[in-house]
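Engineer: With chain A fixed as given, assemble chain B onto it according to the hints.
Residue numbers (my numbering), protein chains in the order written: chain A, 1 to 482; chain B, 1001 to 1463.
A portion of the hints provided could be inaccurate.
[Unchecked claim] What follows is a set of in silico ranges between Cβ atoms, one per label pair, in the way DEER data are often shown:
id: 1; chain 1: B; residue 1: Leu1327; chain 2: A; residue 2: Leu215; range: 30 to 38 Å
id: 2; chain 1: A; residue 1: Tyr89; chain 2: B; residue 2: Leu1372; range: 26 to 34 Å
id: 3; chain 1: A; residue 1: Gln275; chain 2: B; residue 2: Gln1276; range: 52 to 60 Å
id: 4; chain 1: B; residue 1: Arg1345; chain 2: A; residue 2: Gln275; range: 18 to 26 Å
id: 5; chain 1: B; residue 1: Gln1276; chain 2: A; residue 2: Val289; range: 39 to 47 Å
id: 6; chain 1: A; residue 1: Glu293; chain 2: B; residue 2: Asp1329; range: 53 to 61 Å
id: 7; chain 1: B; residue 1: Leu1372; chain 2: A; residue 2: Asp331; range: 56 to 64 Å
id: 8; chain 1: B; residue 1: Leu1327; chain 2: A; residue 2: Glu293; range: 23 to 31 Å
id: 9; chain 1: A; residue 1: Glu293; chain 2: B; residue 2: Arg1045; range: 44 to 52 Å
id: 10; chain 1: A; residue 1: Arg125; chain 2: B; residue 2: Met1364; range: 29 to 37 Å
id: 11; chain 1: B; residue 1: Met1001; chain 2: A; residue 2: Ala43; range: 32 to 40 Å
id: 12; chain 1: A; residue 1: Gly121; chain 2: B; residue 2: Met1348; range: 53 to 61 Å
If you're looking for bench data, these hints aren't it; they were derived computationally from the structure. For glycine and all other residues, C-beta sits at the position ideal for the given N, C-alpha and C.
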Amino acid sequence: MLTREQLDKYEMTIGIECHVQLNTRTKLFSGVDNDARDKEPNAVVSPIDYALPGMLPVLNKAAVDKAILAGLALNSKIANVSRFDRKHYFYPDLPKGYQISQMYQPIIGAGHVDVYDPATGEESRVRIEHAHLEEDAGKLTHHGDYSLVDLNRCGTPLIEIVSQPDIHSAVQAKNYVATLHRLMVYAGVTNGDLYHGNMRFDVNISVAPKDSKKLGTRAEIKNLNSFRSVERCAEYEFKRQVELVEKGEKVHQETRGWDEAKQKTTSQRSKEHAQDYRYMPDPDIPPVVLTDEYIAKVGAGLPTMPREYRTGWAGLKLDGSVVESVLDDQDLAKKLTEVLEKSDSKTAARVAHWFTLSAAGDGEQEARTEQVSAQHLIELSQMVERSELSSTGAKEVFLKLNDEKSPRELAKEMNLLQVSDSGEIDRVVEEVLALPEAAQAVADIKAGQDKAIGFLVGLVMKTSKGKANPGVAQKAIRSKLQ
Amino acid sequence: MSEVTKIVDSVRSGKSSAVAEVKAALERAESHTDHHVFISLTEKRALERAKDIDEQVAAGRVVGALAGVPFVVKDNFLAFDGATTAAAKMLEGFETPMQATAVRKLEEQGAICIGKTNLDAFAHGGSTENSYFGPTLNACDKERVAGGSSGGSAVAVALGIVPFALGTDTGGSIRQPASFNGVVGIKPTYGTVSRFGVVAMASSTDVIGCFTKEVEDIELVLSIMAGRDERDGTTLPNPTLQGVALQKQRVGVIKECMGEGVDSEVRELIEQYIEQLKQAGHEVEEISLPMYQYALAIYYIVIPAETCSNLARYDGIRYGYRAGKSLSDVYGKSRDGGFMPENKRRIMIGNYVLSSGFFDAYYMQAEKARTLLINEYNAAFKDFDVLVSPVAPTPAFKLGENTSDPLKMYMADVMTVPPSLAGLPALSVPAGKTKAGLPVGVQLIGKCQDDAKLFSLAKETEK
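Isolated chain A, as found in the complex (with noise of 0.2 Å):
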């Protein structure tokens, strides 16, 4: 075992290679379907991506545009001519034998990310060296002495985004993508469904004593599918090569795997076998050649990002948790935005805490929510503010809020409109004041502890179910007892 003052000794440093499948209507060079969800295997392949001979790639021109638009959210140049290159490997989830990808010349250019850490709240940067464009492979099951191959997801469009190791915790590195998670969903270029493989990591993690100023031999983790698993392997990994570097023993320049049951990672391939590729420029595909006013023009499409968001909502006070229980569902973020807009900060703030009332409900609950109009929303709110309706009475018609009615009908259909009618709330009271377990709280007061009022009102609540307006209640418990 290693002890604290051992691995304090040392620092870790993380790039990380993230693959984003893009949610384009067709595939990158095939023009067939590009949605492979519940599909039978082997149903969305065209004979351009079986590589029948004879067959052409032509590059869709919407996998561009995603790409502008992925780029421009990683505050990246996007570049005016990009070129594609084969890279080659024989595996039967590639049936070209090669993989058309951006080798030498790739679209996306130099960038950074700002990592958001919602446990601190504050910001680190992250380079990015490049991204680019490829297509995915098939996918392989083995069955025993036999395997089957389904070339659905072969021809997918990717983007890679390769960062600079910059960074250096376990934490960092479940920041970072979590982050780059919400950009591109954010940009629209992925429908991010981790669970389905829309987004996959490769982690590069090597360690050094933290005054070296070299780096240490890096291992490679490949295709980690959760925020989770990239924060546990780089834990994992951080302490497995401090404990070969202590032990005085060589950290291997290899590919590693990481075993989820198991939560550890383990070797599957060194350098010594480390493939050839055979990067070669493709020359089926021209290159792509983009001018500044067409990347402006594609990029004006660039919805407002997570952090603007944040940056806008600053003057609600929120809570950090409320902000990223929000910033959860971009629809959500774009209609509080639209609430503060259309209102003020109280109302948007009180929005904002009542969609994380959807938010922690399903999935419908959250859809619908997405349907409810801003102004239904302020209207909502208003109501608490005039004191029609309590703060429980407006989270129940929130969650049952819709666009056929307004939020008024509802309450009134809910019966959870206050009651602010003396009369009505005399009756109330007098019931309340009768009932034996009302009776010490009363003998309290004419004692003058003027604590037990609240007991009274509390009553008063219960039994006209909410809707009594308190303050009128607490006067006429006053009028009846003096």
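Structural biologist: Okay, now just chain B, sitting in the frame of chain A:
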């Protein structure tokens, strides 16, 4: 009237019929089986299509610009019916689910494909001796090679089996067999005709072209096949391939192709052709293109690189020849058994020049030298409209003469390779015959997309 238009006219007017034309072509094919022109005949489908066209004519419907004209395609075009083999064991019996764009466009105009012709396997070679199905024999001398790799198509036209035939040209595979068999062959500007549906050899120089007896038919056939294809991103929009009125042309004779190593009879015939051009009023001068001496070296680095990449898909997994059981065994045995020795040679060279540590020294250097060659052409075309050279340094050589020496075989490409590397249009037209009766072709090279000018110039001398 040209051969093709004669047939179309007689089919349209009812003087002849598509069925009669196709039957006659099939009979001619049968009478020349000893030349081994075909890998397969597509008799049944050809006759059905012919019948269909005749019915349309009888019903008074408008039929296409090539109605009833029989033609053949090199067996590396995906075409109905039957197999597309690329003359390789790897694709023996491989049936295609679709047609090449070029074939489809011709058929839409009523042309009728009657068969698939022989070639060097995967178009690797210059003699059609590398075919898995055995060599095609020269149309004029059965002891000599047809040239290649489009040997079968060249001989089919030379023997008069069909009025036109499709081929592919990566470094001379149309022009050289055209020269060896005494027919016209065009390698159009790169990107003129869609490569979709044609088994790829080297993507940056592969072009689709054709063989005919007369230049006029080349213009007609090529203009039907040409044009932008959304299934090939490298096709050019609106190529102009017909009807250029010719002024006095400035013709440059490439010095590097007229000296040592060129057969004296070949040189004489080319000089006679040049004399004809002068007499027709064109201005002829010699021009030196020093980069020509590197062209073959460039070609045999860049092209094997692209070739090994394009052949990587033949892995025995999804289709084609398969042997072995375990994964690496299937890869090894399928590729070992499915490819010919020349295929393997190019795969080895290609992988070598692309491998880590050699890529910069070979592939990148070759691509840089290729740019210098292109620059040299661009400079030459400031002073000249058309460049002239022989198509090949010799007439057709004897069967087996060069098979043991790949380098000697590659030398046959020395004059056709440079325009391929630059994407230029190049036309091979008959310049006459040697005393032994062997045809010799002259090569006319134009600027990119100046194909029509080559046709006009060649037609003048054809008269």
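Engineer: Are any of the numbered hints broken by this structure? If so, which, sorted upward?
Structural biologist: 8, 11
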